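A.B. asks: Protein chains in written order, with the numbering used here: chain L, 1 to 485; chain D, 1001 to 1042.
These aren't lab readings, by the way, just hints derived from the structure by calculation. Be aware that one or more of the hints could be misleading.
[What the hints assert, rightly or not] In silico DMTMM-like pairs for lysine to aspartate or glutamate, Cα to Cα no more than 25 Å straight-line:
id, chain 1, residue 1, chain 2, residue 2
1, L, K105, D, D1029
2, D, K1036, L, E101
3, D, K1035, L, D354
4, D, K1036, L, D34
[Said to hold, decoys possible] Which chain L residues stay away from chain D? Per the calculated CB distances, all over 10 Å, these:
id, residue
5, V61
6, Q67
7, N103
8, V165
9, S180
10, L192
11, T233
12, L286
13, A310
14, A312
15, R362
16, V454
Bear in mind that the values here come from a model prediction, so they are computed numbers and not experimental data. We put the CB at the ideal spot given by N, CA and C, even for glycine.
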Amino acid sequence: MGAISTIDYVIIALYLSGMVGVGLWFAKKHTDFDDFFLAGRSLTTPLLITTLISTYYGIDVLFGDSQLGFTDGVVAWFGYARPTYAFFLVAAFLLAQRLREENFKSLPDILDKYYGKKTRYVGAVTSFIYSLPALSLYGFGMLGDVILGWKPIVGMLVLGGIALVYTLTGGFWAVVLTDSIQFVMMCVVLALAFPFAMNLIGGFDSMIDTLEPNYFDTMGDLSTWLIVIYASTGLSILVEPTFYQRIFAAKSYKSVRNALIIGIFIWGSYDWMITILAMSAKVGVLKGLLPGDVAPDAALLTIMVAALPAGALGLFIAGVLSTEMSTLDSYCLVAGGNVAYDIYKPALKPEATDTELIKTTRYGILLSWFLGFAMAVSFEQMLGLWVFLASILISSTLTPILLGIYIPNFRRPLAGFFSAGLGLLSTVILNIYIMIYGTFDPVDETYFIQWFGVDFLQEFIMYITIPISLIGFFAGFVLDKGGRS
Amino acid sequence: MSGWEMFTWITVLILGLGSIAVFILFVKDIRQILKKFQREKQ
Chain L
1 MGAISTIDYV IIALYLSGMV GVGLWFAKKH TDFDDFFLAG RSLTTPLLIT
51 TLISTYYGID VLFGDSQLGF TDGVVAWFGY ARPTYAFFLV AAFLLAQRLR
101 EENFKSLPDI LDKYYGKKTR YVGAVTSFIY SLPALSLYGF GMLGDVILGW
151 KPIVGMLVLG GIALVYTLTG GFWAVVLTDS IQFVMMCVVL ALAFPFAMNL
201 IGGFDSMIDT LEPNYFDTMG DLSTWLIVIY ASTGLSILVE PTFYQRIFAA
251 KSYKSVRNAL IIGIFIWGSY DWMITILAMS AKVGVLKGLL PGDVAPDAAL
301 LTIMVAALPA GALGLFIAGV LSTEMSTLDS YCLVAGGNVA YDIYKPALKP
351 EATDTELIKT TRYGILLSWF LGFAMAVSFE QMLGLWVFLA SILISSTLTP
401 ILLGIYIPNF RRPLAGFFSA GLGLLSTVIL NIYIMIYGTF DPVDETYFIQ
451 WFGVDFLQEF IMYITIPISL IGFFAGFVLD KGGRS
Chain D
1001 MSGWEMFTWI TVLILGLGSI AVFILFVKDI RQILKKFQRE KQ
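Using the sequences and the accompanying hints, generate a full structural model.
C.D. replies: Structure follows, in structure tokens:
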């Protein structure tokens, strides 16, 4: 990319400095651990909307959705993005109230209350692993390279380092405040981009005339089976640690419910806009306005550079950086909390003061950042790594948390421990097996293996491990003679 | 104007105006929270 002007660089620099400033402003303003980790449980609906939306949407969504929009059309929204909103509705109406009422602080807290310390530690380890910011740091490397011409490792260190600084110093308050700025930048910039993109390609009717009709087929070539598979990836929302943290930090259940309902409209608009901009990029390629060799995952950036004037491009780039910073800061904070509150305090120092907990959380944030950095520079198959990390969390916590929340009679220590432990173990074994004995598909960027004549993708592992976790739960339930937790 | 285009403009309005409206409410709430925060600190 070579079309960035001085004004764009100034905007990007101002934005990055502002993020650090927010973190430093909040440094040493925290009164206790609740304040540092959950913003004193005082988040109202507008605060929740901004932090939920900006955290849950990283560049994986930005570039993943745009890649599909570029190659397949509106199915990127109808087939892939839309089912996720159903899970947000489930979370809003069936999950949030139960979680908020019990004053938990973290996801492993729930496991501890229902099943005891052993299950808490399994949950803390899986939540910590899941929250490692490897993908975000990898994304910063890619963004630094594509946008600013930096070496990937410089992008990781500088951009990821800025998010680390304000998270370390400012805690959840800094995360929430920066999330809000990042939220408005992400949304406004995408809204502004649409008329510019239309101006470049000759209007919306030109897009309809130029693209093949199948680009407007709402379900594309997806079979019902594939739709179910893609839809079920939204299950992660039901055990997502950053999502839980925001529920626990809410002022009330109603704040969360309203934030999620309003948020669904903004999430939906965001996904749709990315899809349409990517389709515009396809039109730009077909009309010769953009280079013919544009990679699908670079389509969004390419059309923005071509369409946006100086200044607006700087805002767009700051918006893209925002998208990833808001994700990285939240996950680092959750991982830090897992170290301090879920492992250090119960296992090593039950009498730890709030000051010690905040200090240990900061060490945990640093640890997670450096582990994520090591993964980002060591692994080549980041999508495979991400599937691995996500399947670990879902397979080990989904069953015990949902059954424990809805059926109090099922809360037996051995049931939770077997379920979480077997879910974790089976996920690790199956992922390693597929990575060693399977084949890597460079097109889908995933591993697969032939089982009974069927291509079994790495993404499908949780369809084996969740049932294993469920079997483990009921085996533990039957074997547990000690009664309810 | 096709249905697709109309839908897209609605999403533009939600993203643009909706996010600014949420941000204004955010600023209103955060000011009150931060004032309370400072009072408790003192």
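A.B. asks: A312(L) clear of chain D by more than 10 Å, beta carbon to beta carbon?
C.D. replies: holds (13 Å)
A.B. asks: Taking 25 Å as the top limit, are the C-alpha atoms of K105(L) and D1029(D) close enough?
C.D. replies: Answer holds: K105(L) to D1029(D) is near 23 Å, not above 25 Å.
A.B. asks: Confirm or reject: V454(L) is not an interface residue toward chain D, with every Cβ-Cβ distance exceeding 10 Å.
C.D. replies: holds (36 Å)
A.B. asks: Decide, holds or violated, for the assertion that all CB atoms of chain D are farther than 10 Å from the CB of V61(L).
C.D. replies: About 14 Å separates V61(L) from the closest Cβ of chain D, which puts it past 10 Å; holds.
A.B. asks: Confirm or reject: L192(L) is not an interface residue toward chain D, with every Cβ-Cβ distance exceeding 10 Å.
C.D. replies: violated (7 Å)
A.B. asks: Is it correct that the beta-carbon of S180(L) has no partner in chain D closer than or equal to 10 Å?
C.D. replies: violated (5 Å)
A.B. asks: Is K1036(D) close enough to D34(L), meaning Cα to Cα at most 25 Å?
C.D. replies: With Cα atoms ~15 Å apart, K1036(D) and D34(L) stay inside 25 Å; holds.
A.B. asks: Would Q67(L) pass as off the interface with chain D, using Cβ distances and a cut of 10 Å?
C.D. replies: Q67(L) is indeed farther than 10 Å from all Cβ atoms of chain D, at 19 Å.
A.B. asks: Against the 25 Å threshold, does the CA-CA distance of K1035(D) and D354(L) hold or violate the hint?
C.D. replies: Answer holds: K1035(D) to D354(L) is near 23 Å, not above 25 Å.
A.B. asks: When you look at the beta carbon of R362(L), is every beta carbon of chain D farther off than 10 Å?
C.D. replies: Per Cβ check, R362(L) is outside 10 Å of chain D; nearest 20 Å; holds.
A.B. asks: Closest CB-CB distance from N103(L) to chain D, is it above 10 Å?
C.D. replies: At about 19 Å from chain D, N103(L) clears the 10 Å cut-off, so the statement holds.
A.B. asks: With 10 Å as the threshold, tell me whether V165(L) passes as away from chain D on beta-carbon distances.
C.D. replies: Given a closest Cβ separation of 21 Å, the condition holds.
When the structure is compared with the earlier hints, violations turn up for hints 9 and 10 and for no others.
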